[in-house]
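Chains A and B, in that order, give the protein sequences. FYI, this note's numbering numbers position 340 of the first sequence as 340, with every residue one higher than the one before it. FYI, this note's numbering numbers position 389 of the second sequence as 389, with every residue one higher than the one before it.
Hint data in this document are derived by calculation from the structure and do not stem from the laboratory. Be careful, since some hints might not be right.
Taking beta-carbon pairs under 7 Å as the criterion, some of the chain A residues facing chain B (in silico) [to be verified]:
no., residue
1, Gly125
2, Asn224
3, Pro226
4, Val422
5, Leu438
6, Arg442
7, Lys480
8, Thr482
Here are the simulated DSS-like cross-link-like pairs (lysine-lysine), alpha carbons at most 30 Å apart as the crow flies [to be verified]:
no., chain 1, residue 1, chain 2, residue 2
9, A, Lys83, A, Lys408
10, B, Lys216, A, Lys256
11, B, Lys216, A, Lys194
Beta carbons: idealized from backbone N, C-alpha and C, even for Gly.
Given next are the chains, with one letter for each unit.
Number of protein chains: 2
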Amino acid sequence: MSVERILDARLRDRIVSAEQAAALIQPGETVAMSGFTGSGYPKAVPMALAKRIEDVHAQGLPFQIKLMTGASTAPELDGALAKADGIAMRMPFQTDPDARKRINDGKLDYIDIHLSHVAQHVWFGFYGEIDTAVVEVSAIRADGALVPSTSVGNNKTWLDLAKKVIIEVNEWQPADIEGMHDIYYGTALPPHRKPIPLIHANDRIGQTTLDVDPDKIVAVVRTNGPDRNSPFKPIDEDSRLIAGHLIEFLKHEVAKGRLPHNLLPLQSGVGNIPNAVLAGLADSGLRGLSAFTEVIQDGMLDLLKSGVLEYASCTGFALSPEANEEFKRNIRFYRDRIIMRTQEMSNHPELVRRLGCIGMNGMIEVDIYGNVNSTHVMGSRIMNGIGGSGDFTRNGFLSTFLSPSMAKGGSISAIVPMVSHVDHTEHDVSIIVTEQGLADLRGLPPRARARQVIDNCAHPGYRDQLNDYFDRACRDSYGKHTPHLLPEALSWHQRYIDTGSMKA
Amino acid sequence: MSVERILDARLRDRIVSAEQAAALIQPGETVAMSGFTGSGYPKAVPMALAKRIEDVHAQGLPFQIKLMTGASTAPELDGALAKADGIAMRMPFQTDPDARKRINDGKLDYIDIHLSHVAQHVWFGFYGEIDTAVVEVSAIRADGALVPSTSVGNNKTWLDLAKKVIIEVNEWQPADIEGMHDIYYGTALPPHRKPIPLIHANDRIGQTTLDVDPDKIVAVVRTNGPDRNSPFKPIDEDSRLIAGHLIEFLKHEVAKGRLPHNLLPLQSGVGNIPNAVLAGLADSGLRGLSAFTEVIQDGMLDLLKSGVLEYASCTGFALSPEANEEFKRNIRFYRDRIIMRTQEMSNHPELVRRLGCIGMNGMIEVDIYGNVNSTHVMGSRIMNGIGGSGDFTRNGFLSTFLSPSMAKGGSISAIVPMVSHVDHTEHDVSIIVTEQGLADLRGLPPRARARQVIDNCAHPGYRDQLNDYFDRACRDSYGKHTPHLLPEALSWHQRYIDTGSMKA
Chain A
1 MSVERILDAR LRDRIVSAEQ AAALIQPGET VAMSGFTGSG YPKAVPMALA
51 KRIEDVHAQG LPFQIKLMTG ASTAPELDGA LAKADGIAMR MPFQTDPDAR
101 KRINDGKLDY IDIHLSHVAQ HVWFGFYGEI DTAVVEVSAI RADGALVPST
151 SVGNNKTWLD LAKKVIIEVN EWQPADIEGM HDIYYGTALP PHRKPIPLIH
201 ANDRIGQTTL DVDPDKIVAV VRTNGPDRNS PFKPIDEDSR LIAGHLIEFL
251 KHEVAKGRLP HNLLPLQSGV GNIPNAVLAG LADSGLRGLS AFTEVIQDGM
301 LDLLKSGVLE YASCTGFALS PEANEEFKRN IRFYRDRIIM RTQEMSNHPE
351 LVRRLGCIGM NGMIEVDIYG NVNSTHVMGS RIMNGIGGSG DFTRNGFLST
401 FLSPSMAKGG SISAIVPMVS HVDHTEHDVS IIVTEQGLAD LRGLPPRARA
451 RQVIDNCAHP GYRDQLNDYF DRACRDSYGK HTPHLLPEAL SWHQRYIDTG
501 SMKA
Chain B
1 MSVERILDAR LRDRIVSAEQ AAALIQPGET VAMSGFTGSG YPKAVPMALA
51 KRIEDVHAQG LPFQIKLMTG ASTAPELDGA LAKADGIAMR MPFQTDPDAR
101 KRINDGKLDY IDIHLSHVAQ HVWFGFYGEI DTAVVEVSAI RADGALVPST
151 SVGNNKTWLD LAKKVIIEVN EWQPADIEGM HDIYYGTALP PHRKPIPLIH
201 ANDRIGQTTL DVDPDKIVAV VRTNGPDRNS PFKPIDEDSR LIAGHLIEFL
251 KHEVAKGRLP HNLLPLQSGV GNIPNAVLAG LADSGLRGLS AFTEVIQDGM
301 LDLLKSGVLE YASCTGFALS PEANEEFKRN IRFYRDRIIM RTQEMSNHPE
351 LVRRLGCIGM NGMIEVDIYG NVNSTHVMGS RIMNGIGGSG DFTRNGFLST
401 FLSPSMAKGG SISAIVPMVS HVDHTEHDVS IIVTEQGLAD LRGLPPRARA
451 RQVIDNCAHP GYRDQLNDYF DRACRDSYGK HTPHLLPEAL SWHQRYIDTG
501 SMKA
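Work out the full structure, taking the sequences as your base and the hints as a guide.
Quick look at the structure:
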């Protein structure tokens, strides 16, 4: 391993091992790390820290940290620290199975907040001080500026606010990623905020590198390891049908003059269904598309390569190994078409509203009135978190939620009388899509929404049961604006807990 | 009555009676009227229209309209048209008892949406075409420009989009209100939107009058009638206590350096508790305050007069008769300190986020995890609507929700295990205040939130019952992240429906 990625001589002197760096983190610290959707997270220090925590625990002593990131990371970070019982508090988003189990066992405190709120709430002082930042970069320039790697997330905020900084320089990241980023340094605390001068999704309004006070850098660690990557799953039939319904709807909106011929900037959640939508767009005949989103996954790279997507703005990646190879091989092509921003910008209400983003997100369940649960299984168990879905749902042009109509082989209906947890309210949700069809809730009062959702989106195997609930609610409910039978409203979820199926 | 308020000679020729104007509205039309919180609504045409609808109904023929406004109006508008069974669909907000009864009887379709979304969703085409606009103004200038009256609401959008326009010129409104308004004409549909050039709550970014194509004006009606006004209620003990807790908290935040000495622009919902907060601010020692809000009520006028509040931005008024006299008497003083905007601006996510507004809103109930219900009594009966509370809660600096801990003489607890309807999610709610105390939910995971809400805000008469639920949920819940017992979660509401009390 060479040190050619570390051009600042002052910082070469601070190169240490991951173990030496981890030793600089003390019990009880608030530690802010890089990482967004498994890209650009530190690869070595968290593992060394987990080992150190285990050693301390073996001596019968306590050692936990409060952990902040951009979003989800990987087994080497969330997984290792959760297994070591090293996390007292985690925010703002995570997807690790070990951490999830601890959260749902009541052993790990998790704060699930809008990704657009994280940086400002930390700046506001709502989360106390940040003791240590651990940030992966792809290089350090001679002037000390940091070249970000495959995610930006909250790194600007962590570097600005942390008392001490540990940098990982990952040589696995392509050197030619330099120039892809756009770090906006025009933010401020109210009452000193000004308009953000971004008008198009591909506007550059900042600089390509991250600033950091070199005196705060206490350690530099060299790494050479890949981002987390998930194998590409072939598109299943449900996802293909969902994508088809949504794209048909978008083309209908273009035909009606409610959307431009090249749509509006797309936001796409992560997963197989959004990937299917992106694949469907490739064959849709639509051209000149753009994206203003959080994460670029395989389907979006394909769209960029084919030219259907002209450019994309993001804050991180979630690629399969094949897509990652393609990305690294053609990094200069993608560098001209992808702009990576802080998540404060990628999810900013001002920008999402101005650009008129089309939000496309998955969900756990939706109720007949259009309230969406994105986070809690059976009302109490966290799945992942709200992530950025609320930022785009509330402030965008259109909010769409996509899911198969059933889960667990039919024992769970994604359409329920009342959701067991609300992340997106009836006031915010426009479009629901399942493999059965699409419900367009725009401009509809509650009972008309219920008809659309049941008729168009519910699985036939649950439709009678939903109609039965809705009909009796319309007859017997305390109020008839949003008819509900409260003793039954959550009974489907309890039935699943008790019997393993929501079926009556 | 003179015609000196109608200086455009072309339009003087179109002066007709309210009955003649109402005759121009046809069954099935979408009619967009002025009015926000009982200010600036048309005083004569809606009454004449209601009479006409009743006459048509008496002949056994159908006659209903779809009705849009800024927000709530008055008995002469919502009340008269609801009593006449003349409304097929109502949006986006209303508070009339007759209309509410029809909505909750399932006889009137009501669409309850964020006030910041109304104008853009109509522009997007989500609500179809507007046939007729009926807009109250205080005067028509010689060049045809319209001088708004005591609310702006969505009037710009209605005048721009309606196929035909009826203007009411209300001579009761003070002539010297001219100059108080700031109508921004820089809006556009995406992808053509640009930053809104407003940096301070008192910036002027538009013009003082509303434009309208004179060829669309089909009738001008002269009126001389007061806005709706509610007598000022003396501040009760609960409201005084709630205000005290909130102001103590705000001063604590100033002391901690998390808020400037003159706070940040205040948003204040309408009602006795917000009025108590405003009255409390007068005696707080805080100075140099500002407001960026929807509605100015008595307390804010007092704060302006005493100089504690330097300026206020709003889109409408809700004043007692005495405060209205004061406003009219000293209109030139207030014109220098109040800026009236379209509600698209007063509630705009871009501006609310940039300014860092402090939202202060009432609620129906909150659950132990911080989810707030602002709209539905017992989950199915609409009270009023979400109004602008969501705009400030999601995008502001701090969101606070204020309510007595009990209602209906103690038979209803405002703190419940699970809210029966969610308007503001756990991700958005920062501060809960009742007469018992204040819960600061910032940076807390769900179970810690429950402890704060129960210990600090619940009435002692319900605290044991809440602790019992929470303790058993922590023990027996399916997941322990957000512990819930689903068969019981909504049982308090059903008990109230069945027995008249939530008490176990």
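Tested hints:
With 7 Å as the threshold, the beta carbon of Gly125(A) comes within range of chain B, its nearest partner Cβ sitting at about 5 Å, so the hint holds. Interface restraint check: Asn224(A) against chain B, minimum CB-CB distance 36 Å, threshold 7 Å, status violated. Interface hint at Pro226(A): violated, since its Cβ lies 31 Å from the closest Cβ of chain B, which is beyond the 7 Å cut-off. The beta carbon of Val422(A) comes within 4 Å of a beta carbon in chain B, closer than 7 Å, and the hint placing it at the interface holds.
With its C-beta approaching chain B no nearer than about 15 Å, Leu438(A) sits outside the 7 Å limit, and its interface hint is violated. Hint on Arg442(A) holds. Least Cβ distance to chain B is approximately 4 Å, under the 7 Å limit. Because the smallest distance between the Cβ of Lys480(A) and any Cβ of chain B comes to about 3 Å, under 7 Å, the interface hint for this residue holds. For Thr482(A), the suggested interface contact is upheld, since its CB lies about 5 Å from the closest CB of chain B, less than 7 Å.
Annotation: proposed proximity of Lys83(A) to Lys408(A) holds, straight-line Cα distance about 27 Å (limit 30 Å). Taken as a hint, the Lys216(B) and Lys256(A) pair is honoured in the structure, with Cα atoms around 25 Å apart against an allowance of 30 Å. Taken as a hint, the Lys216(B) and Lys194(A) pair is broken in the structure, with Cα atoms around 38 Å apart against an allowance of 30 Å.
Violated hints, in rising order: 2, 3, 5, 11; the structure is consistent with all others.
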